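**Student:** The lines below spell out each chain.
Protein chains: 2
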Amino acid sequence: MRHFEDFTQGETLVGPAVMFTAQAIVDFARLYDPQPHHLDPKAAEAGLFGGLVASGFQTLAQTFAAFFTGGPFDGSNLGSPGIERLEWLKPVRPGDSIRLKGTVAALRPSASKPDRGLITMEYQAVDDDDQPVMRYRMVHLVRRRP
Amino acid sequence: MRHFEDFTQGETLVGPAVMFTAQAIVDFARLYDPQPHHLDPKAAEAGLFGGLVASGFQTLAQTFAAFFTGGPFDGSNLGSPGIERLEWLKPVRPGDSIRLKGTVAALRPSASKPDRGLITMEYQAVDDDDQPVMRYRMVHLVRRRP
Chain A
1441 MRHFEDFTQG ETLVGPAVMF TAQAIVDFAR LYDPQPHHLD PKAAEAGLFG GLVASGFQTL
1501 AQTFAAFFTG GPFDGSNLGS PGIERLEWLK PVRPGDSIRL KGTVAALRPS ASKPDRGLIT
1561 MEYQAVDDDD QPVMRYRMVH LVRRRP
Chain B
1441 MRHFEDFTQG ETLVGPAVMF TAQAIVDFAR LYDPQPHHLD PKAAEAGLFG GLVASGFQTL
1501 AQTFAAFFTG GPFDGSNLGS PGIERLEWLK PVRPGDSIRL KGTVAALRPS ASKPDRGLIT
1561 MEYQAVDDDD QPVMRYRMVH LVRRRP
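These protein sequence lines map, in sequence, to chains A and B.
My numbering puts the first residue of the first sequence at 1441, with every later residue one more than the last.
My numbering puts the first residue of the second sequence at 1441, with every later residue one more than the last.
Pulled out of the complex, with its shape left as it was, chain A reads as follows (with noise of 0.2 Å):
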């Protein structure tokens, strides 16, 4: 478990990749993002992506899952004000193996409560061919050393 003195500007962390199957991107889209091109393979054809893509709040919610999990974050992560500019770069599609990067941006004490600080996080979400398909700035509340 890293406290918000263990970060360092500058700093990138990789979590593990996350592999997008047609099940899960239906499983997801069924309860969470009911679109065609989500939802349904033969009505995603006449989308404008020509086939079944991963609804981006799942790209978003399980790539964070994998980097969390057992990752930096794990066990002083208090929770998010915020995201700043998110972009989906290109569609995560049937088969697609994702990671996410996260380069520490700024850190910040909190002002007001001694038991926290603010870290900016810049995340890049990138394919087996280390091509980006989603990018955001989030901020963490992360609890500093007792």
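Just so you know, the hints here were simulated from the structure itself, not pulled from any lab data.
For clarity, every value in this text was computed on a predicted model and none was experimentally measured.
Zero decoy hints are in this set.
Same chains, same label: a pair holds when it works inside one copy or across any pair of copies.
The list that follows gives simulated cross-link-like pairs (lysine-lysine, DSS-like), each with its CA atoms no further than 30 Å apart:
1. K1530 <-> K1541
2. K1482 <-> K1553
3. K1553 <-> K1541
4. K1530 <-> K1482
5. K1530 <-> K1553
Put chain B on the given structure of chain A with help from the hints.
**Tutor:** This is chain B only, laid out in the frame that chain A set:
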């Protein structure tokens, strides 16, 4: 089904309420955001929020899903290039009922593709007391009338 031409700048559209049960919060967290404050009511008591709260990714996806299904973009939404500045303003707790309101902030025909336009929506998710829990701006690619 509405096309790009059927939206008016300034109009506000309101989705149906989504009930966030403890079970639904934990179900989402297990697969897509396995952090203690989303996953484990007991562990969540020691967290920043003093109890279980929904993943911000779940609030984002599920309120949009409800807004989308049978709503103004159903059938005409081709996808989204991204989100500008998303803020989680207030935790969503078990029993909260959340609805998404979307205001048409900007309309622009695509410069390169005559079959579509770009609609910038200003979204606000509100609870039963009409208090905002999340807000963001998102761009949608929407079919033009053939």
